[in-house]
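**Q** Heads up: the sequence shown begins at 801 in this note's numbering, then just goes up one per residue.
Read the hints as simulated data drawn from the structure, not as lab findings. Hints are supplied without guarantee of correctness; some may be wrong.
Dumping the calculated DSS-like pairs for lysine-lysine here, alpha-carbon to alpha-carbon at most 30 angstroms [unchecked claim]:
1) 1113 / 1040
2) 988 / 940
3) 988 / 924
4) 1201 / 1040
5) 914 / 930
6) 1185 / 914
7) 988 / 1294
8) 1040 / 930
9) 914 / 901
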Amino acid sequence: MTSKSQSALTIRLPVWRARLLVTLMSLGFMALAARALYCQSVNKDFLQAEAEKRYSRTTTLIATRGLITDRNGEALAISTAVETVSANPSHLELDNIPHEKLLQLSKLLSMDVKVIHRKLSEKKQYVLLKRQIAPNIAAKVMSLEIPGVHLKTEYKRYYPNGEATAHLVGFTSRDHVGQEGLEYSYQKTLAGKPGSRRIKKNNKNQVIEEGHTISAAENGSDLELSIDRTLQYVAFSEAKNAVLEHEAKSASVVILDVVTGEVLAVANWPSFNPNNRSTFKNQALLRNSAIVDQFEPGSTMKPFTIAAALEGKFVTPNSLIDIEDGRLSIGRRTITDDHPEESLLTVTDIIQRSSNVGTAKIGQMMTSQYLWEILSLSGFGQSPKLRFPGSASGSLRSPEKWRDIDQATISYGMGVSGSLLQLARAYSIFARDGMLIPVTFEKRIHVAEGTRVISANTAQAVLQMLETVTHEKGTGLSAAIPGYRVAGKTGTAKVASEGSYAHGKYRSSFVGIAPVSNPRLIVAVMVEEPSLGSYYASVVAAPVFRKVMEEALKTLGIKPDAFIREQEAKRDALQGPV
């Protein structure tokens, strides 16, 4: 080793340079420590917020929609858990996914594989593949282990009774918002209030931490209806059978409890399947005709004209009316009876045989203002105040606008209109001793308090007249039920169309009360445009009433009362006149 190399190894740096280097290193470490302290204490909120933006999310806590049940707790609408399949294309490499897996995915989701391929090729962080699939199908989807494909639990509305309750219960959108029927009317009650929760996800959109709940979800309240599922099915079946048997356009049936005012059934045919959205295309099928459609009641209006005349003491049940061989001319118009048999009829006969001429002549005995008041008090021209979308109020013109012919035709149900539910409710004045009762779709256990329309004596007199309609010579003989006293009225009216009456088109209806000795039920039936065989209500609507009312009486355990009348008749015969 040379002397030069030895001297180079023994050279020392100046002390000040070493101290400067150590000082600089110490200052660097102190700066880092200070920065760390600043970030972790002084500025931590900002940094945490920035991290939250990247990894923290707010997720919605779904509120379960309330059940809709019938009066006995049987489900009419329930929510079931389903899964929605989505994907994050930015987290998957489509070329690395085996084509066989995409084919399996397309079969499970019932989608074209080309559509799936196109969606997964989009430059987005979220694409929807399929909503509301069954949990077992969702499990098979996840078993494919396709990166970026995720599930989200939702709820789907299911209607166990399908077409039978479709018009009444209605349906919801895919987002669980009521669209029709009671689902729409009670949206706020049924829907509840969703909550929210903070969660953390990684860059693969996977949940890595369940955070705190911001607000808890409030589930919707259950809705217990007045509807009896068994009676609803009976009403629906008979409405459908009537349409098929008479090749009619449609049919509707309403069942009311006259004690509580509860609607026990309201059914229409044709109907739709609320579980199959492809049946929603025909908007006409979605209408609850019994509640929202209005029609001229025809002869089912006659008892109200007679009630007004009795109440005003213009006639008695036994007053004789000359029906002039079944023809009455008013101005240029002529009112006729279909089958006039006698020139003189009692007021009871006029109801029993449904005389247009007799009713029109009785209607002319009163002022238009007085008749209008009785009809208005009976609920015509007014909304029944039901929580149901589009409930018809009907039409009852102001009496100042009535001409002589108007007063005559209105007296037997032409020129006035209402829904089938309105008509059924109006008949409660004869079943409840002159009181018009409020009606409801919610279960009610107490007696409904009504509004006085006519006296109890008048109501009883009309009820007895209506009972003769189901006896021999009555137009409603086919509505009679063995073992029960039945009162009711037929109605056959031409169908109004564009300001006139359509040729050859009729509407058949029947409204009845049973049992007469202690009224409990009102059943109203309407069959529109029967085209096969007869169109008269005695042939078309009355038999439907009989079948529905008979089943309803048996289902509710209401005992026969016909023998009571027989016992009373025997007792009166033994006692003789008093």
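**Q** Each of the hints needs a verdict: does it hold here or not?
**A** Status of the hints after comparison with the structure:
Our distance criterion of 30 angstroms between C-alpha atoms is broken by residue 1113 and residue 1040, whose separation comes to about 43 angstroms. As the CA atoms of residue 988 and residue 940 are separated by approximately 36 angstroms, the hinted pair breaks the 30 angstroms bound. Taking the CA atoms of residue 988 and residue 924, the gap is near 35 angstroms; set against the 30 angstroms cutoff, the hint is violated. Between residue 1201 and residue 1040 the alpha-carbon distance is near 40 angstroms, which puts this suggested pair outside the 30 angstroms criterion.
Distance restraint check for residue 914 and residue 930: the Cα-Cα separation of roughly 15 angstroms lies within the 30 angstroms cut-off, and the hinted pair is therefore satisfied. For the hint linking residue 1185 to residue 914, the alpha-carbon distance of about 53 angstroms lies beyond 30 angstroms, and the restraint is violated. With a C-alpha separation of about 42 angstroms, the suggested pair residue 988 and residue 1294 falls outside the 30 angstroms cut-off, and the hint is violated. This hinted pair does not check out: residue 1040 and residue 930 have alpha carbons roughly 36 angstroms apart, beyond 30 angstroms.
Restraint check for residue 914 and residue 901: satisfied, since their Cα atoms lie roughly 13 angstroms apart, inside the 30 angstroms limit.
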